[in-house]
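> One-letter residues, chain by chain:
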Amino acid sequence: MTQNNKYELLAKIWSEFSENKIAVVALVCFSIILFVAVFASVISPTDPYDLATVTIMNSRLPPLEEDFSGNVYWLGTDGAGRDMLSAIFYGLRISLSVGVLSGIFALIVGAFFGISAAYFGGRYETLIMRIVDIQLSFPSILVALIILAAFGKGVEKTIFALVLVQWAYYARTARASALVESRKEYVDAARCLSLGNLRIMLNHILPNCIPPLIVVGTLQTAHAISLEATLSFLGLGLPQTEPSLGLLIGNGFEYVHTGDYWISIFPGIALLITIVSINLVGDQLRDMFNPRLKR
Amino acid sequence: MTVYILQRTLQSFVVLFVMSLIVFCGVNLIGDPIYMMISPESEPAEIERVIKEFGFDRPVLEQYWFFLKNVASGDFGRSFVQGIPALPLILERFPATIELAVFSLFISLVIALPLGVYAGLYPERKSSKIIMSGSILGFSMPTFWVGIMLIMLFAVKLDWLPSTGRGELGTFLGIESSLFTLNGLSHIFLPALNLALFKLSSVLRLTRAGTREVILQDYIKFARAKGLSHSRVINVHLLKNILIPVVTVIGLEFGSLVAFSTVTETVFAWPGAGKLIIDSVYNLDRPVIVAYLIIIVAFFVFLNLIVDILYSFLDPRVRIKGSSE
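Each protein sequence line maps, in turn, to chains A and X.
Sequential numbering from 1 applies to the first sequence in our numbering.
Sequential numbering from 1 applies to the second sequence in our numbering.
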């Protein structure tokens, strides 16, 4: 594929994507969130975890309130006197990293098992798909709950639980498209050249399975972010040293009955916007790649 | 047919066995349960005695074997915290969880069915589009956060409904439940609404899709041609036909409602089984964690087994094909 062709392809994808205005808005929203998450330490008004600047004197200030030295807290402060806006920026970074990382790992594991199942077939395929079926018969929250209740909380354990929850979806999708692809002539041709199995799967079949995997990937990442927030809120997910949005909401939950609404509302709104914008983008991608909806 | 059922049953036991092994080993790798039971300042001899008594010095697999033998006779061990057997402790919490799940299912049906039918009948109206966008929002909203918002609005700000506990229990036909007293109903309303939101969007979408399909059928046209009133066509001819897939999906997803109630129970301090497991994790109450996880896995494994077997009766293709496509 020449360079020129690539640009044409990208332009075509974009023109199809931008037909849905809501999806475009969602994409812009998500880009802003991504920017905030990446540059959290630069754009945050304060460093919420710097013990030198955070004082308990400023605890539970309502939004737009000033402290004694004249700093304005746009979204108020939490129980320890941390600026909520900065805490949300840092929280977004943690929530997104955990969600995206687990999504990537699950994609690798799922695509590997899905494609190899379709490629080799036979008993191996039956076994893999049986495991996928069994796993999908359990609700995702239950699978994550079992892992984290049994093994304890922590960053790696949370990511492991999220990968375990998601890989089956990727495996199922990858197998479905790999089944179609591996019957095509170019795979036969590659076999005739006596290329290795791994090379055929990686270089020939995988690239043609990417579009459906991207769709599943966006929707699953949104799901993973939501699940991580839920688990961290329950006290099973991330430790207090990694304050994701879920943990921020959990900390705010303590103050619900005293009416300090801002400590749990604002991180929740940030979480909601993140999930909704990823879901809307994913929905549009799914419609684009769905051949049945092609005009 | 018999082979299929035997295969599936065997598979269920394998899943249950593997899960119990993972759970048991996992739980035994974390925390030191000895100091849950006696103070760290105790005499070394006393600590030694407790370790011997509970078999903590043995290899994990040996401990697992003892555990399996005890489970076979219905003994899951005693709660470290409450000192009573784990099994009855968990089982006595289940009615509250089931009650919450059933009531929230009821709420989601009451809200989603009319909205779904409406959006399916008039897909081009603006109100239908709002309903459908709302369902995307409902699908994306994290349950626990919505729960907190409900508490803030209805319990703290407006002070209309209580936000914690189960309230007074009433007895009807030998069943004890909060649904039978006014006070209990006021307690169950918010948590049930919260849990309902989780299923609401999917029921709504299903109803809408069903309505759009059924409304084009000949029997609907015939009913109209007979001169039946609009409401009769909708309420009888249409509703009866879209209910079949809706009821199937709801039956299948009841289990996930029970699993998700863990979150709602924690937010609303609802004394069900889900709250118990979260509390036990906090307290590192090993026997209760292990017993709960094994019971809930068994519950799901057998729920799935029953669904599979029922399906194979209804649809012969399932048992011929074996594995899914």
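These aren't lab readings, by the way, just hints derived from the structure by calculation.
C-beta: ideal position from N, C-alpha, C; glycine also.
Be aware that one or more of the hints could be misleading.
[Stated by the list, open to error] Quick list of the computed label-pair ranges, beta carbon to beta carbon:
1. GLU66(A) x THR171(X): 43 to 49 Å
2. GLY154(A) x ASP75(X): 29 to 35 Å
3. PHE289(A) x VAL3(X): 36 to 42 Å
4. VAL28(A) x GLY83(X): 56 to 62 Å
5. VAL307(X) x ASN290(A): 24 to 30 Å
6. VAL24(A) x GLY134(X): 16 to 22 Å
7. TYR124(A) x ALA45(X): 52 to 58 Å
8. ARG58(X) x PHE289(A): 17 to 23 Å
> Please go over all the hints and tell whether each is borne out by the structure.
Hints, verified against the model:
no., hint, in the structure
1, GLU66(A) x THR171(X): 43 to 49 Å, "violated (57 Å)"
2, GLY154(A) x ASP75(X): 29 to 35 Å, "holds (31 Å)"
3, PHE289(A) x VAL3(X): 36 to 42 Å, "holds (40 Å)"
4, VAL28(A) x GLY83(X): 56 to 62 Å, "holds (58 Å)"
5, VAL307(X) x ASN290(A): 24 to 30 Å, "holds (29 Å)"
6, VAL24(A) x GLY134(X): 16 to 22 Å, "holds (20 Å)"
7, TYR124(A) x ALA45(X): 52 to 58 Å, "holds (55 Å)"
8, ARG58(X) x PHE289(A): 17 to 23 Å, "violated (55 Å)"
In summary, the numbered hints that this structure violates are 1 and 8.
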